[in-house]
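Visitor: I would like the entire structure built from these sequences, with the hints used as guidance.
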Amino acid sequence: MMNLLTEPVGVSHYLVVGAILFVSGVVCMATKRNALGVLMGIELVLNGANVNFIAFSSPALQGNSGFSIGLDGQVIALFVIVLAAAEAAVALAITLNFYNNHATIDVDQADELKG
Amino acid sequence: MDLANTLPVLLGLACLVPLVSFVLIVLFGARMGKHGEYAAYVATGAILIAFALSSVAMVGWMGEHKPDSAHAEHADGADHTSDTTHAAAASHAGEAGHTADAAHHVSHSDHAKPEYSGEIYPLAVIGTQLKLSISYYIDTLTVVMFCMVTLIASCIHFYAIGYMHDELHEVTDHEVHLRNGHHLVRPGRFHRFFQYLSLFCFSMLSLVYAGNIAMVFVFWELVGICSYFLIGFYFERHSASNAANKAFITNRVGDFGMLIGMMALWGSLGTFTFADTKGADGQVVQVGIFSQVRTEENHFELVVPDGMVRAAAASQVGELVGKRSLTPEAAAAQVAAETPGWREQGFGYWLLCIAGLGIFCGCVGKSAQFPLHVWLPDAMEGPTPVSALVHSATMVAAGVYLVGRFYPVFTPEVLLVIAYIGGITLFIAATIAITAVDIKRVLAYSTVSQLGYMMLALGIGGWVAGLFHLITHAFFKSLLFMCPGSVIHACHTNDMTKMGGLRHKMPWTAYTMLIGCLAIIGAGIPFVIGFSGYYSKDAIIAQALTFKNANPDHAVLFYTAAGGAALTAFYMFRLWFMTFSGPPRDHHIYDHAHESPRVMYIPLVILSVFAVSVGWGIFHLTDLLEQARPAGILTKATGTLLTVTIPNEHDSHEHAIHTAATWIAFGTALSGLLVAVLFYGIRKVDPAEVQQTFRPIYRFLVNKWHFDELYRAIFIHPLLFLSRRVADIDRSVIDPFINRCAWGVRKLAVLDDAIDRLGVDAAVNVTARGIRALGNSLRVVQTGQLRQYVTFIVIGTVALFVLASFVWSYSWAGN
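So the sequence lines, in the order shown, correspond to chains X and G.
First residue of the first sequence? That's 9 in our numbering, and the numbers climb one at a time after it.
First residue of the second sequence? That's 167 in our numbering, and the numbers climb one at a time after it.
Worth flagging that the hints you see were computed from the coordinates, not collected in a lab.
Each hint should be verified, as a subset may be incorrect.
Far from chain G, by Cβ distances over 12 Å, these chain X residues were calculated [said to hold, decoys possible]:
{"no.": "1", "residue": "C36"}
{"no.": "2", "residue": "A38"}
{"no.": "3", "residue": "E51"}
{"no.": "4", "residue": "N60"}
{"no.": "5", "residue": "Q70"}
{"no.": "6", "residue": "G78"}
{"no.": "7", "residue": "D80"}
{"no.": "8", "residue": "G81"}
{"no.": "9", "residue": "V83"}
{"no.": "10", "residue": "I84"}
{"no.": "11", "residue": "E95"}
{"no.": "12", "residue": "N105"}
{"no.": "13", "residue": "Y107"}
{"no.": "14", "residue": "N109"}
Within a straight-line C-alpha distance of at most 25 Å, the following computed SDA-like cross-link-like pairs (lysine to any residue) qualify [as the list claims (entries may be wrong)]:
{"no.": "15", "chain 1": "X", "residue 1": "K122", "chain 2": "G", "residue 2": "T963"}
{"no.": "16", "chain 1": "G", "residue 1": "K200", "chain 2": "G", "residue 2": "L214"}
{"no.": "17", "chain 1": "X", "residue 1": "K122", "chain 2": "G", "residue 2": "L214"}
{"no.": "18", "chain 1": "X", "residue 1": "K40", "chain 2": "G", "residue 2": "T949"}
{"no.": "19", "chain 1": "G", "residue 1": "K279", "chain 2": "G", "residue 2": "M228"}
{"no.": "20", "chain 1": "G", "residue 1": "K444", "chain 2": "G", "residue 2": "S299"}
{"no.": "21", "chain 1": "X", "residue 1": "K40", "chain 2": "G", "residue 2": "R751"}
{"no.": "22", "chain 1": "X", "residue 1": "K122", "chain 2": "X", "residue 2": "L23"}
{"no.": "23", "chain 1": "X", "residue 1": "K122", "chain 2": "G", "residue 2": "T949"}
{"no.": "24", "chain 1": "G", "residue 1": "K489", "chain 2": "G", "residue 2": "A502"}
{"no.": "25", "chain 1": "X", "residue 1": "K122", "chain 2": "G", "residue 2": "G941"}
Ranges between beta-carbon positions, derived for each pair [to be verified]:
{"no.": "26", "chain 1": "G", "residue 1": "F967", "chain 2": "X", "residue 2": "V88", "range": "15 to 25 Å"}
{"no.": "27", "chain 1": "G", "residue 1": "I961", "chain 2": "X", "residue 2": "G45", "range": "13 to 23 Å"}
{"no.": "28", "chain 1": "X", "residue 1": "K122", "chain 2": "G", "residue 2": "A920", "range": "41 to 51 Å"}
{"no.": "29", "chain 1": "G", "residue 1": "L969", "chain 2": "X", "residue 2": "A111", "range": "36 to 46 Å"}
{"no.": "30", "chain 1": "X", "residue 1": "K122", "chain 2": "G", "residue 2": "V926", "range": "18 to 28 Å"}
{"no.": "31", "chain 1": "G", "residue 1": "S943", "chain 2": "X", "residue 2": "G45", "range": "28 to 38 Å"}
{"no.": "32", "chain 1": "G", "residue 1": "V926", "chain 2": "X", "residue 2": "L44", "range": "52 to 62 Å"}
{"no.": "33", "chain 1": "G", "residue 1": "G941", "chain 2": "X", "residue 2": "L104", "range": "14 to 24 Å"}
{"no.": "34", "chain 1": "X", "residue 1": "L69", "chain 2": "G", "residue 2": "F967", "range": "18 to 28 Å"}
{"no.": "35", "chain 1": "X", "residue 1": "L69", "chain 2": "G", "residue 2": "F958", "range": "15 to 25 Å"}
{"no.": "36", "chain 1": "G", "residue 1": "I961", "chain 2": "X", "residue 2": "T14", "range": "27 to 37 Å"}
{"no.": "37", "chain 1": "X", "residue 1": "L13", "chain 2": "G", "residue 2": "S943", "range": "22 to 32 Å"}
{"no.": "38", "chain 1": "G", "residue 1": "S943", "chain 2": "X", "residue 2": "I84", "range": "12 to 22 Å"}
{"no.": "39", "chain 1": "G", "residue 1": "L969", "chain 2": "X", "residue 2": "L104", "range": "33 to 43 Å"}
Heads up, the beta-carbon is just placed ideally off N, CA and C, and yes, glycines get one too.
Guide: And the structure:
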């Protein structure tokens, strides 16, 4: 069993940061009643995932397949960022519309889709 | 010209062109021009092409097989010095037992006539015996018939363009009274008329072209159905639809006999084909009907074929084949050895007679011979061009043609039956024609009577005479029908008692009709020249005279033929005088009468030219027919079952007989003509007084010998009675049974319905209700709370991971 605190910074540390970010995001999504807070939680989750992608693309984990240029994780992280931006735009638009209709952005008020 | 290859193609195309026209008119007829008027041009063009092809075939034939006119003259001349040489030639051939006389005639005919036959397409081979195919049989008779049919049909197509003109627009049928008191108004059926005409031409030509009796039968029925369609062309009229049914049903009676004849031939001879079928190497594969009946070794004399002998002697054959001691080959050899002996004992002769009578039965129906003649006069309900083409010139002559074609198969007994049927028909029809007042019915009975003439001629051995009369009759009778058609077109009535004096109004029609009348009575200057009927009727009377000399017992046939000639002259001129001369009887009709358009009277002129001249030497008609004579029928034939001798036809050309016949024919025709002039021409005798004097006879004739009443009493009423009883059984037995069945089925259905409701439906409903309840209970989970959903997702994911880690550790990581 290795001790993370005594090890030099490596992939595992990145993964720990990513996990913390991810869990924070999930907790944020599950607890915030403010829609903007929920959106922020989503951003946290996405970025937690991004950190993981970066970590897994570390040269230490790369095989020598010969086809890889060693940037797969970074490229996917870039896609995720673009996706997050797009998602934020759409989600903010939904939030604005919701506010126009209900004069609030409390997600607990938005239960009209219940079965 | 290579006839063997070109003739089948030429004549086959001539058959098919009208079929193409028929198909085109069926598919596009109504859209051909305004109201389908171009359909007439399509049909007329098709038949003209067929005529052109037939003419080419005829020219080719004449080039290859020049008709031998010296042949007839030789027999005509009184010198018989060459008899001895012929007899010597015959005995040289090893034919002992022939009289010198017979040998003389054998020498005329013991070479086969020119003919071409072959198979176009094998339709079906069923088992080893039954072979159906499309084949052809072409001899001089075929080519002559093709030319005759296409020429007359072309004329009649042109005539019909004018005659059927009314059908181009909406027609008000004044003979159909609707229930509301109005007349029927219907769209014109111009194109449909030409469609049927084309179909008819196709069927008729193919009938003549056919090379086997099965194919003949198919086209025989096809011309029958065309006749049915055309008689019933005005099918809204009760009389027309009844007449169509009558014609069709009466013909079925005859065709039944024909089927029996066909089966007798096929069952014993094993083939339908007329001529021998040759393989690729020229070897005979299947011997045809004609060569089985008249073999070449036997100098084409009629001999009961082996197949028929064995079929009749079935029990003897069975005895031989069934013997244990014999191998099959030995038994077959013994059967072959015994066959001549059985033939001597008379086995098979009956079968041959039955086959001949059966075939003739079909001809009786088609050619309207007694006792099936009743349909033809009623068939006049059809439009007049149809009467001219189908019911006088071609289709009804098909029966005579078939008798001519099957002549080699007929035994002397069958020929005697044919002769008597012909004689009876001739006499009955001629007497009825005397009293008929419907202009077309007079001609219809005249047709029946002339067909009787042909049958009589064929029956007494006058093969060429009968078929010669068939051709000449076709020309003048189609002419004779088209003239009254022109009159009916102008007067809108068929009743001769309302006509009179029409020759001033319609000169073309009147004088072409006069030519037709003169042709049918056989007018001519004796021994110099005459109308076509003069030659053919002379030939028949001469043959009848020869027959009378050979069979004094059957002299009545000769008197019938001679008396029929007088009656013909009388009723034909009665018709002409009543219609065209004297003062008009009905001024209203007279004032409205007018000459027909040119498209109608030009064909009349063309046909009248042929009616005058077709018997003349320039057409070589008798020579051509002489060439077509089946091998072997020139010999004198004696019956075995009845005492009858069918004389050699060439005997009738002898000077004494020919002279006598000419004078008899001339005298009878003249006497009939003079009586007609006396009654109707110069009106010296009042017909009404004569009617009064001979009232019973007159009534009898006006009622057509009561044939219709007789058939109604013998066949129709019992049949109706029977069918009513059967209907009663239907109503009292079968209907209740059906009703009971229906009731049971209904009950069953109610039961089934209950099962459906209580069983199947309930099961389905319970399932549905359960699923609904499940859904409702799961509904609670869907709160719509976003945060709760996120929580669920997280919990679910974590649960999955935990589960996966368990599974992983126990199953995958375990090994």
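Visitor: Check the structure against each numbered hint from earlier and tell me which ones fail, lowest number first.
Guide: When the structure is compared with the hints, numbers 1, 2, 17, 21, 22, 30, 33, 35, 37 and 38 turn out to be violated.
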